[in-house]
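Sequences and hints are given; from them, build the entire structure.
Protein sequence lines, in the order shown, are assigned to chains A and L.
Positions 1 to 397 (the UniProt record's numbering) are the ones given, in order, by the first sequence.
Positions 1 to 397 (the UniProt record's numbering) are the ones given, in order, by the second sequence.
It cannot be assumed that every hint is accurate.
Identical copies carry no separate label here, and so any pair may be met within one copy or between two of them.
[To be verified] Simulated crosslink set (BS3-like; lysine-lysine; CA at most 30 angstroms straight-line): (1) 124 to 385; (2) 278 to 124; (3) 80 to 68; (4) 244 to 140; (5) 140 to 278; (6) 278 to 300; (7) 278 to 244; (8) 191 to 140; (9) 300 to 124.
Hints are computed from structural coordinates only; laboratory data are not their basis.
The chain contents come next:
Protein chains: 2
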Amino acid sequence: METATKSRAPHLSDTQRLAWLRLIRSENVGPRTFRELLNHFGSAQAALDALPELSRRGGKKSYRLFSKDKAEAELAALYKIGARLIALGEPAYPPLLRHIDAPPPLLAVRARDPLQQELTGTQKTLAIIGARNCSAAGAKFATQLAGELSTQGFTIISGLARGIDSAAHHAALSSGTIAAFAGGIDTVYPKENLELFSSMIATNGAAISEMPISWQPRARDFPRRNRLISGMSLGVILIEAAEKSGSLHTARYALEQNREILAVPGSPLDPRSVGANKLIQQGAALVQSVDDVLDIMEPKISMSLPLHQGIEEPTMCWPELDSPDTSSLSPPPNANEQDRQAVIDALSETPIDQDELLRFTGVSLQTLQLILLEIELAGRLERHKPNKLSMIHAGTT
Amino acid sequence: METATKSRAPHLSDTQRLAWLRLIRSENVGPRTFRELLNHFGSAQAALDALPELSRRGGKKSYRLFSKDKAEAELAALYKIGARLIALGEPAYPPLLRHIDAPPPLLAVRARDPLQQELTGTQKTLAIIGARNCSAAGAKFATQLAGELSTQGFTIISGLARGIDSAAHHAALSSGTIAAFAGGIDTVYPKENLELFSSMIATNGAAISEMPISWQPRARDFPRRNRLISGMSLGVILIEAAEKSGSLHTARYALEQNREILAVPGSPLDPRSVGANKLIQQGAALVQSVDDVLDIMEPKISMSLPLHQGIEEPTMCWPELDSPDTSSLSPPPNANEQDRQAVIDALSETPIDQDELLRFTGVSLQTLQLILLEIELAGRLERHKPNKLSMIHAGTT
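Set out below in structure tokens:
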């Protein structure tokens, strides 16, 4: 048993971490494709070796592999600012985040102690999020709630935005609070929160990011980041959010991720209350005191992982950890041209279920998955939830 | 069929109305006892004739029957100010109120047109209630909501209190709005709302009261009145209410009466929001727009009466309407002293179910009910919901 446990010792070697980084940064590889590639090729390095040929078969003339030099430079830059890359499955990886759909294979973490396992490895976490242009009452309530929940041993997660996010981080400083960044781990946004961020890092807080270092956040990076906020948290508390706000995106992720959604009500005459009030109408728990939060969350804290049935443990993401030699895995099948054409013909811009595609084309599951990877790496496949696929035609990109 | 329908023509004769008034105003007779008495004696007059002897058997030396003179004086005073007494079962009696537990047998109604059947006879009604010391935002929202619901054809019910109640009545003036009084129908409370009340009456509004004319409301009359507000309404909308407020009493009645409970949320930092927010936590519908109200209420409006299963139609309350001669009814049984003592001995200060009492004493149901009436009229019985009874001992009153 000792040996079996040890053979899955959850740390990547430096070589493996480099390969993981190159793979996730390569063209058309997202967290989901990363996982598919590891499932097929057994290790990030084997996947890297296969990438150019795969994408060529998918119809792409030249494929941009993320170079070893660039990956080494990124790692060096991270180390220089005291940040580390944590891989899915390593102890410091936020435990709840492992259970979301398509978790980032690598997270940059920045903290006073570069490993900071106690903090990012905790699962007694609550997100507090809300309006950037919050009211004074909203900020006051966020401060009260975050402070009291910290005292109760909760780690407060938020997005370092103005308004509610800042108030929550501030109030939770003493017990350590975690921010998820939409940009690179060295890119504090907004700039006015640099001082708050410094205080966070100085007081055992941390920041995480899945984006490359120095990445300047674009509008579409924020929803993507929001899935990390809810993903790291047992529950999400919403304080003031207008309709169609980013906070509501986070709440939607929380719903998908089967996390608790809690909302603080407000007057219907304040547009900043509409979002939270609507969530309550849709079934979110109404919060007007820390006791309300504790009543809802306490039964969840003692639940052992995995929190949710039906969310698969990503063990297949890291079979390589202690076996850089992949000879034990069966070699990936080589799809023939006829199968490939059948799959490409069957796909259209209308999303179709993978199971239907399987029945329609008659190819084997392993072959289908390989062909889909090829098309995806060529930038021609779009994946939709849950498990649906569509083709991106040249004219539509 | 014509005859059968006519024989239940739903109007009391003047003589009957006088007898009903004397009965409900007599000592130890409340709405529930009134109904029991009518069930036993077939008419209010027959019950009046039996009262002194019944209470004597229950152990009371002298019983105060409400005199004919006093009743005539009350009727005259009502007519003088343009008010009428409407009996349970008559067309102008608020239809939803018939279905509550222990509805008042007689309601004083005051309106521009003394009968005002269209208004008090409507069942497209909503109560809007809330804090007396409401915030400006609360009053504004009550005004908006009441105005919009009026436009949608709802009659707004409230309690003419300061704050939310006044705002709701004001905004609903044009379509007629109904106030329920805790005091007599001529006793406008608070005085500062005299002008609002005059406007209500002038614009097809109405007021109702079950209390004697000129009755000055005491603290304990307000909860009793609140059951009329919810009882007349399909649903109760709560806007701002502190904990332990009268509005929460009304909401509790609404729950017992199986009416919709709707609440407008507010900031947890405002104590006036705590009550409404708590109701939402307990399952009340969160309201932030008139559309939210319509979504909830529209399916209820078309429901035919009786709204609730298990609430018995009070037909037995008025078999006398067209048969002042009660010879067709079997004469009430005369309980013997042995049975009476058995029931008295079985009762204690601990409430007991009537069914258990029946089994324990072995007397017939009709005999038991008669004995209970006797004890009740003697002021020694307390009735608890649902259907439980206890003895009031001399030392405990």
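Each hint tested on the structure:
For the homomeric pair residue 124 and residue 385, the shortest alpha-carbon distance inside one copy (28 angstroms) is at most 30 angstroms, but the shortest distance between copies (45 angstroms) is not. In this assembly of identical chains, the alpha carbons of residue 278 and residue 124 lie at most 30 angstroms apart whether taken from the same copy (27 angstroms) or from different copies (26 angstroms). For a Cα distance limit of 30 angstroms, the shortest separation of residue 80 from residue 68 inside one copy, 18 angstroms, qualifies, whereas the shortest one across copies, 100 angstroms, does not. In this homomeric assembly, residue 244 and residue 140 come within 30 angstroms of each other (Cα to Cα) both inside a single copy, at 23 angstroms, and across copies, at 25 angstroms.
In this homomeric assembly, residue 140 and residue 278 come within 30 angstroms of each other (Cα to Cα) both inside a single copy, at 22 angstroms, and across copies, at 20 angstroms. For the homomeric pair residue 278 and residue 300, the shortest alpha-carbon distances inside one copy (24 angstroms) and between copies (22 angstroms) are both at most 30 angstroms. Proximity of residue 278 to residue 244 under the C-alpha cut-off of 30 angstroms is found in both arrangements, the shortest distances being 11 angstroms within a copy and 26 angstroms between copies. For the homomeric pair residue 191 and residue 140, the shortest alpha-carbon distance inside one copy (22 angstroms) is at most 30 angstroms, but the shortest distance between copies (39 angstroms) is not.
With identical chains, the CA atoms of residue 300 and residue 124 are at most 30 angstroms apart within one copy only, with a shortest distance of 9 angstroms there and 44 angstroms across copies.
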